[in-house]
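4 protein chains.
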Amino acid sequence: MITVGVIGYGYWGPNLVRNFAEAPGARVGFVTDLRAERLSQVSARYPSVKVSTDHRDLLADPGIDAVAIATPVSTHFELGMAALRAGKHLLIEKPMASSSAQARALIDEAGRRRLVLMVDHTFVYTSAVGKMRELTQSGELGDIYYYDSVRINLGLFQHDVNVLWDLAVHDLSIMDFVLMREPLSVSATGLAHVAGKPENIAYMTMFFDGALIAHVHANWLAPVKVRRTLLGGSRRMIVFDDLEASEKIKVYDRGISLNPSPESVYQMLVGYRAGDMWAPHLPLGEALQVEARHFVECIDQGVAPRTDGHAGLRVVRLLEAASQSMAQQGRPVSIARSLV
Amino acid sequence: MITVGVIGYGYWGPNLVRNFAEAPGARVGFVTDLRAERLSQVSARYPSVKVSTDHRDLLADPGIDAVAIATPVSTHFELGMAALRAGKHLLIEKPMASSSAQARALIDEAGRRRLVLMVDHTFVYTSAVGKMRELTQSGELGDIYYYDSVRINLGLFQHDVNVLWDLAVHDLSIMDFVLMREPLSVSATGLAHVAGKPENIAYMTMFFDGALIAHVHANWLAPVKVRRTLLGGSRRMIVFDDLEASEKIKVYDRGISLNPSPESVYQMLVGYRAGDMWAPHLPLGEALQVEARHFVECIDQGVAPRTDGHAGLRVVRLLEAASQSMAQQGRPVSIARSLV
Amino acid sequence: MITVGVIGYGYWGPNLVRNFAEAPGARVGFVTDLRAERLSQVSARYPSVKVSTDHRDLLADPGIDAVAIATPVSTHFELGMAALRAGKHLLIEKPMASSSAQARALIDEAGRRRLVLMVDHTFVYTSAVGKMRELTQSGELGDIYYYDSVRINLGLFQHDVNVLWDLAVHDLSIMDFVLMREPLSVSATGLAHVAGKPENIAYMTMFFDGALIAHVHANWLAPVKVRRTLLGGSRRMIVFDDLEASEKIKVYDRGISLNPSPESVYQMLVGYRAGDMWAPHLPLGEALQVEARHFVECIDQGVAPRTDGHAGLRVVRLLEAASQSMAQQGRPVSIARSLV
Amino acid sequence: MITVGVIGYGYWGPNLVRNFAEAPGARVGFVTDLRAERLSQVSARYPSVKVSTDHRDLLADPGIDAVAIATPVSTHFELGMAALRAGKHLLIEKPMASSSAQARALIDEAGRRRLVLMVDHTFVYTSAVGKMRELTQSGELGDIYYYDSVRINLGLFQHDVNVLWDLAVHDLSIMDFVLMREPLSVSATGLAHVAGKPENIAYMTMFFDGALIAHVHANWLAPVKVRRTLLGGSRRMIVFDDLEASEKIKVYDRGISLNPSPESVYQMLVGYRAGDMWAPHLPLGEALQVEARHFVECIDQGVAPRTDGHAGLRVVRLLEAASQSMAQQGRPVSIARSLV
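Residue numbers (this note's numbering), protein chains in the order written: chain A, 1 to 340; chain B, 1 to 340; chain C, 1 to 340; chain D, 1 to 340.
These aren't lab readings, by the way, just hints derived from the structure by calculation.
All C-beta atoms in this analysis are idealised placements derived from N, C-alpha and C, irrespective of residue type, glycine included.
Heads up, some of the hints might be wrong.
Stated by the list, open to error - Taking lysine to aspartate or glutamate and the DMTMM-like style, the derived pairs with C-alpha atoms no more than 25 angstroms apart in a straight line are:
1) D/Lys131 to A/Asp253
2) B/Lys197 to A/Glu244
3) C/Lys225 to C/Glu286
4) D/Lys225 to C/Asp108
5) D/Lys250 to D/Glu109
6) B/Lys250 to C/Asp160
7) A/Lys250 to D/Asp242
8) C/Lys225 to C/Asp160
9) B/Lys225 to B/Glu247
10) C/Lys250 to A/Asp253
11) C/Lys250 to B/Glu140
12) C/Lys197 to D/Glu22
13) C/Lys250 to B/Glu134
14) C/Lys250 to C/Glu78
Unchecked claim - Under 10 angstroms between C-beta atoms, here's a sample of chain A residues computed to sit facing chain B:
15) Val73
16) Tyr146
17) Ser187
18) Leu191
19) Met237
20) Ile238
21) Ala274
Work out the full structure: start from the sequences and follow the hints.
The following block contains the structure:
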């Protein structure tokens, strides 16, 4: 039985508590939040769970095996490092840290201590994203041509991070899992419409080795909600619309075919294919429950989670490069790769 | 009565011929195309119209007052210049030329000869785009925050121009008309998936003076067709979906409101507004018919058309900058402004 | 402070408990269910609430002021009558009883005892249905021409009632509230595809005094989920789509206009109007919370609820007639009106 | 080469002329219409085609092999009979006549004279309806449970026929082709909102031998356009949405499964299946062109068309029964079957 402590009981914390409470092999032992009124909600609902306004009480508790952190991004590094140093396995919200240097330090610390470090890339644990990865990696889609994602709505303006760190982080974590390839460079553009606040609308292009391009549009100030990803391959293409109640994934047997021109061997003629569309049945179920169980299993078996620190680092690295590029109106920025 | 000659009877030419044939105050007198079989279709349908495979026959005909050119982009400049030099008023397909230098030369020539020069920015003559301009320029939307457009489908790969010159040209001409503001710089990214062909997927950000940003996504290789523009203002926002049968324009009374923070006069608190949505009734009618009549009126009255050579130049200038930026993975390129 | 007891803790019971627990002026004192395992869930979540597998314990408890019944339809009458006879105010699930005779008996009993009798027509307490009633009763829609509703999905086959009693009951309760008019007769058709089970697909037409017609399509065996109502008036028309995340109500300024024919005063020419569409902003909020508070207020102030026993009776009367008509392949059945 | 004459050049006539002009093995020889101005359009467009305001000129012309009739329903019988008596093969608009007696008389006359009689059930010649028939008749859908169709919009009020004869006729002709089964009885309801005009909203249920039911909703006074058919089978279900640009047909692997109850062999437990959705690629192409060619082939080869007089009669019989039932508020009316 793994006993989990949760630091931060704001928007996401209650979901973590509920899911660990329901996960086999796990129980929730401690919850902390700076606000006492949030803790009284915990006590009302889960009378046996300890609470404190000081996360150090949780970390000092020897009965806690693992810690889940759901606090603002700017506190991730300090709290995460403290948890690892207290010998706790760690599940940390995305983005895992404010910089790639911080992310690397967390990875190193967890490695040294042989603790499980998992980043809460929740979408990776949905059946829709799992299906996209399966179709991509099995070769069903052919060569991958592009990944294009739009994640916009009238959303909460964040004060400490821009819209890419808040919304595009979802797309980058999905893309990392589905494509299993890392971009070489990033060009990003964006704008802040409220003086003194971070950018609330942003666009981000990623270049890869070979004929693959990726793009994310994130916007906190859109009149309509859109959650749509296009994944284009040489053989098939996918539309992933997360707002669809069912049929979130549609696979189109559609694309171009290249034929040598009769006039010149050097020229290719472009033909068009239009075939069936197919929406695979996706089992229902809460992704966070799948993820909570996976975290418990990784601790039990001492294996690396699907969304480990390296996955978290790759996403932070892209966000970091995007912020640099955005400050220079789209000038491309290389993704520096250390030997992690 | 204005007698119009049409050069090029491929995809768009038949629409020009039909609309000038139906426009009051106009008639079609001459059609040329390099392919004789296209001309036989003209003769079958319009027995009284002269035809030739040589556009010089048309230009030499003193009975022709105005010329409409619907040929590939690479020929626009040469044919347009020849038409103007033959003393004909000119309606030319978009983009009006392959470079801003060519566009400027056409403007100068038409100016010197006091001939009407109009660019076929067809969307400008739709009731939907007219309504967007009206709402924008009347101040209904408040300060304009962003213009975001997606124009994708499984479309014909062009051989001579990339997807921005083929698809984004529509968005740029609409944006120019609606916003009445010109970008300062452009950052564009894109990729060609067929070796030796122009880019078939591209993204283009435009920066303006002040807190306004614009973006266009164009793609010839998408599994689904999307034609959607978001226009965000401080008071209201518009979604323009050209694939909707009716209700192409939806106006959302939605956005943020800024209030001084009680704690600090320097900090603004962001509030959210969600109000009614409204879809104004848009009269039906073919935009090209409106445009054909406007061309005839401009000739009759000697006035500049709504989509004159300067509008055409502004669009070409953006495409030119985008192509330069795209070659450098998004490095921003300034829009040089000459004194036209 | 009103203390509420809830009989039945299956699908809907937990929602009743949660909403009365949160409603100001109310608390939950007792929950009963035949299944002990359901009650252990109650105790885990609400330790202070009394539980029993025998509803008579609840009815015998003098601390309970009001009872909410969420059990199968066939038990409504017996349990409701027992609750009233125990002197408890009563909130009862829809349809309120298995026959109009039973419904009338409940009304009479509550009247004699001066107890509040409310039927849980939940939709009546949504902002969408409230807006429909407002637009209908204010005359905004003009003369009401038709009410057409579709409520279909792959749903749970019920064992004791047919699909009209299970699904159409929602539409009939909405219609009763919005139109404030009662049908004169009913023609219904339907079929059972599983031998020995009630009809799982059914259609029901209602005739009114004057040029008004209503129709409901209910189906447990549809591949897609549809929740859509059309409300046609002479001046405006409404589409109510409950599956829309926002914009559930769209008001169309669309219809026909009648003009005397120039040739004959006896003949009317039909013209067509197409105007704006408008989606009023609807405040969010859980309908059952609104309803729970309304129940408490009605008890406190001794007034009749918006969905009182008479509303419940009118709905049962229609269902009863529909079942009769369905057994005769659509033969129309009059709605007998007693002097209630 | 079959020479076709067309009687009636209103809304549909021009489509018939254009399609026969383009069909291999056919040419258009004669067009008549009561209005001279319509004929001048024919002459402008097709100079070699003879025209007259008197259909008797066409019928008297020995050069005409076949006649297509596109006039109001009330004239179908008289004109169709005259054409057959003049020895012409006949293509007639739907519904083929105003009564089943008339339809039978046309069938008899054509049979006696060994002339081809085809009814213009255009939808039967679309790839979408062809696919529905294929999936239904191959057993892919399992046992057919229901056919449910909605065909509504703000449409032209007809003066001589009600909305079933105008709109539902499409659904009935599709259903006849897809199911290959004929209803036993009909219950229909409806209402006229304009005094002195036919019913503009109507509902029609059809009962079959066995556990199959069908329903059509037709409405000229709806704020939105809907063209949607559900076809439910025991193994799979189809949604046919004719307003979808592509993906008109969606096949759902969804339904119920029946298992013997462990407690009683007499009771079946209902289980639910939810599988993939699949949208078969449907070739584009104009249905009327397919139909025109089929008519020509039937004449050439002396075979009965897919939509022969018997198909037309079956549809008229249903409409006739529906009108009778509607006059009695839904009382069921049997479909009398003569030995045709």
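- Message: Check the hint pairing C/Lys250 with B/Glu134 against an upper bound of 25 angstroms on the C-alpha distance.
- Response: holds, 24 angstroms
- Straight-line alpha-carbon gap D/Lys225 to C/Asp108, limit 25 angstroms: It is violated: about 47 angstroms lies between the C-alpha atoms, which goes past 25 angstroms.
- Minimum Cβ distance from A/Met237 to chain B below 10 angstroms? Holds: closest Cβ of chain B sits about 4 angstroms from A/Met237, inside 10 angstroms.
- Item | Distance restraint between B/Lys250 and C/Asp160, which requires alpha-carbon spacing of 25 angstroms or less | violated, 46 angstroms
- Item | A/Ala274 as an interface hint toward chain B, with CB separation required under 10 angstroms | holds, 7 angstroms
- Task: With chain B as the partner, please determine if A/Leu191 meets the hint condition of a C-beta pair closer than 10 angstroms.
- Result: holds, 4 angstroms
- Does D/Asp242 lie within 25 angstroms of A/Lys250 when you go C-alpha to C-alpha? Given that 25 angstroms is the threshold and the Cα spacing comes to 20 angstroms, the pair holds.
- Query: Are the Cα positions of B/Lys197 and A/Glu244 separated by 25 angstroms at most?
  - Reply: violated, 36 angstroms
- Task: Take the C-alpha atoms of C/Lys225 and C/Glu286, compute the straight-line distance between them, and say whether it is at most 25 angstroms.
- Result: This hinted pair holds, its Cα atoms lying about 21 angstroms apart.
- Query: Given the hint that B/Lys225 pairs with B/Glu247, does the C-alpha gap stay at or below 25 angstroms?
  - Reply: Answer holds: B/Lys225 to B/Glu247 is near 18 angstroms, not above 25 angstroms.
- Against chain B, is A/Tyr146 within 10 angstroms by beta-carbon distance? Status holds, d = 6 angstroms.
- Message: Checking one constraint from the list: CA of C/Lys250 to CA of B/Glu140, max 25 angstroms. Satisfied?
- Response: Holds. C/Lys250 to B/Glu140 sits at ~22 angstroms (cutoff 25 angstroms).
When each numbered hint is compared with the structure, violations occur for hints 2, 4, 5, 6, 10, 12, 14 and 15.
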